[in-house]
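Chemist: For the record, the sequence lines run as chains A and B. Under the numbering used here, the letters of the first sequence match residues 1 to 205, in that order. Under the numbering used here, the letters of the second sequence match residues 1001 to 1584, in that order.
Calculated from the structure, these hints are not laboratory results. Please note that the accuracy of each hint is not assured.
[What the hints assert, rightly or not] Just a few of them, taken from the derived set where beta-carbon distance is under 8 Å, the chain B residues facing chain A:
id, residue
1, V1182
2, T1185
3, L1189
4, N1197
5, I1223
6, G1242
7, G1251
8, V1253
9, L1268
Every residue, glycine too, gets a C-beta built ideally from N, C-alpha and C.
The residues making up each chain are set out below.
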Amino acid sequence: MNEDGNGRPVTDELATGGVAARSPVGEAPGGPYPIGLMAILATAAMLFAAFTAALLVRRTGGDWARVELPPIVWVNAALLLASSAAVELGRRAVRRGALPLAAPRLATGGILGALFLAGQILAWRALAARGGFLPTNPYAAFFYMLSAVHGVHVLGGLGGLGWTLRRTIQGAYSPARHTGLTHAAIFWHFVGGVWIYLLVVLSTL
Amino acid sequence: MSATHQTGSFWTRYVFSTDHKVIGKQYFLTAVVMAVIGTGLSVLIRLQVSWPQDTWPFLQKIFPGLYEDGVLLPEHYLSLVTMHGTLMIFFVISFALVSGFGNFIIPLHIGARDMAYAFLNMLSYWTIVPACILMVASFFVPDGAAAAGWTAYPPLSALKEAVPGSGLGQTLWLLAMALFIVSFTMGSLNFVTTILNLRTRGMSMFRMPLTVWTLLIASILGILAFPALTAAAIMLLLDRHGGTSFFLPDGLVLGGAVLSHSGGTPLLFQHLFWFLGHPEVYVLVLPAIGIAFDVVAAFGRRPVFGYRTSVWALIVIAVLSMIVWGHHMYTSGMNPYLGEYFTIVTVAITVPFAVLGLNLIASLWRAEIRLRTAMLFALALVAAIGIGGLGGLWLGTATSDMYLHDSYFVVGHFHFMIGTVTFFGVFAATYYWYPKMFGRLMDETLGKIHFWLTVPGIFLAFVAMHYLGLGGHLRRVYDPTAYDYAQPIQWLNVPISIALFVATAAQIVFLVNFFRSLFHKERAGPNPWNAATLEWTAPSPPPHLNWTELPVVHRGPYDYRVDGAPEGYWPQTAPPPAAAQAVR
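Could you put together the complete structure from these sequences and hints?
Modeler: In structure tokens:
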């Protein structure tokens, strides 16, 4: 009997080891790649964790003063949550096989997401009207920066939604195969969750 | 040619290729170009530190902006130090070792046809091209390249007017680093997904070569650690151009005037920077160690000692590396209890690291060592881990670091770890996988000349730097003779520089060997080293998509010295004897 480096007998573990042979590049991959999505979510989560740590440190500075956030940020949060719900309903429609319902729901989700971004710009203008500029108030600086960085992630999510909407209209998804849609939806929920988290952080710290 | 390469035009095959092997070579060649620049900077640094009173009129002719009356300008000395560090860490070692060999070898090691996201892979390479251009271009802007150190500490990096390099040079530095981070994140994503999802039949996690394990762990570290630097870079850009005060405290005076910034703290930047900076060391060092394991096994003709313990040691190192960053900041006035915590966890890393080092050494026990150039560099790497690691103990302990911080002891130490271990890893990998990359062997005689000219100088210089540091010689100092206490040890700078110049010149031998061997008539064949891992079952160089039929794996990666096996080893694809007989 052969032995491996640790003196364990080498047995053939073909049945249990490894992943089934994959199809050649170019063909649709044999299975979903949740690992890639998890990695994106992990790196994005670490980014906002780093900003949170920075905020916790910076608020101990002598000039830290909260500015009341313009009320429209709550409207925006509601828009983003509604958008997440619409996208989820669209995804479930595909899963159930109710394919004609999917495209309008996903489109609604996308429009609500775009409205969220427009609302965020209104929130910036409202904050500026109250005298909250980048250099004048560190709290305002965090609001501008965090909403901008979050907005970039929203743009990415919108790109994903647009792509899946196109695929939906093309009829590429079926109840059995809609991995791309699921991933775009998970990312979209993540982006929505991050904004709720940021609002909680900004309004309690 | 059509069988060997991706179909399509010259552009899609060699320039905008999605083939992991082409992308790996592109990264490697980019690293070579950046290494020539980065090493050139180090020569200028050494000339200044060793002979601060001399004038260099001929250098002024070559670099008219850097010198005045034959003397290197102090502000440009800081730029040289900053850019040498930045280029070597991010644009040379990271490119060559992680992105270069990682891309080339991961699919070949695990039996995949390409990366999981081939297009993303191409995108990650073409994102670093503008990053390189921005970095190099920053030498040519008015006031020169960034000068705040590779660590880019504020306030030097946060105030555009602080020093000449704090202007446009620092902005370009930040933009280039942002592109680098985006690219590295895309690459890490690809590595992790590929390794976890695209292994061929029979390739269980514990049958993967250790190189793949180290690249997997390095990629996970990159994904989790780089965002902290992204956040810091965004805040730094806002401090520079948006008037915010994330990192800038009250009462800073510049040019006689008090600045309007208030309330920020430069320490916040240091914490965020080192939250990335420390894991980054392991991102670079671990793949070199993984390569050493593979090379030592193939040229020692025995299974590596303690494969599984090495994997667990790697995982423990990865976890610990994320929680020790404060040991770079002992002198920042941190709470002594915090310093004690960072000391304990830092020194704890010694345990898994010693496991790796001792496993490498034990892998030589009763080995039939074949001293090819790749093996020589792998062995020198093991020695460098030992010496570099010992210095790390002194720096990781708060009490001794108080004295050694920011001295040449630190410079010597990190040049051992992220300079020597990593470069020797690159060389070992190049000599080992060159036949797989280009279908030809590198010249052994030139390889040995390269080795013996490189290694003594490197060890001599970096060990001697520890002594300079013990004598109080500070890093980043333009003219060491300006300090009375450093006068008695200044002489030591001269032999250090001479040793380094010899080692640097030796790299010309390497480059000549590298490019000349491309034209060797003799072909290497698929498996010139009789190595057991999967890449050696593919043709040399492997065609597009690597194998006609994907290999099936039946055993671990290091089945060397097996009785009854032809040539004394089993490739990973060999079925167990019982199964083979059953087939017959």
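Chemist: Hint by hint, note whether the structure agrees.
Modeler: Hints, verified against the model:
no. : hint  : result
1   : V1182 : 10 Å, violated
2   : T1185 : 6 Å, holds
3   : L1189 : 5 Å, holds
4   : N1197 : 6 Å, holds
5   : I1223 : 5 Å, holds
6   : G1242 : 4 Å, holds
7   : G1251 : 11 Å, violated
8   : V1253 : 18 Å, violated
9   : L1268 : 5 Å, holds
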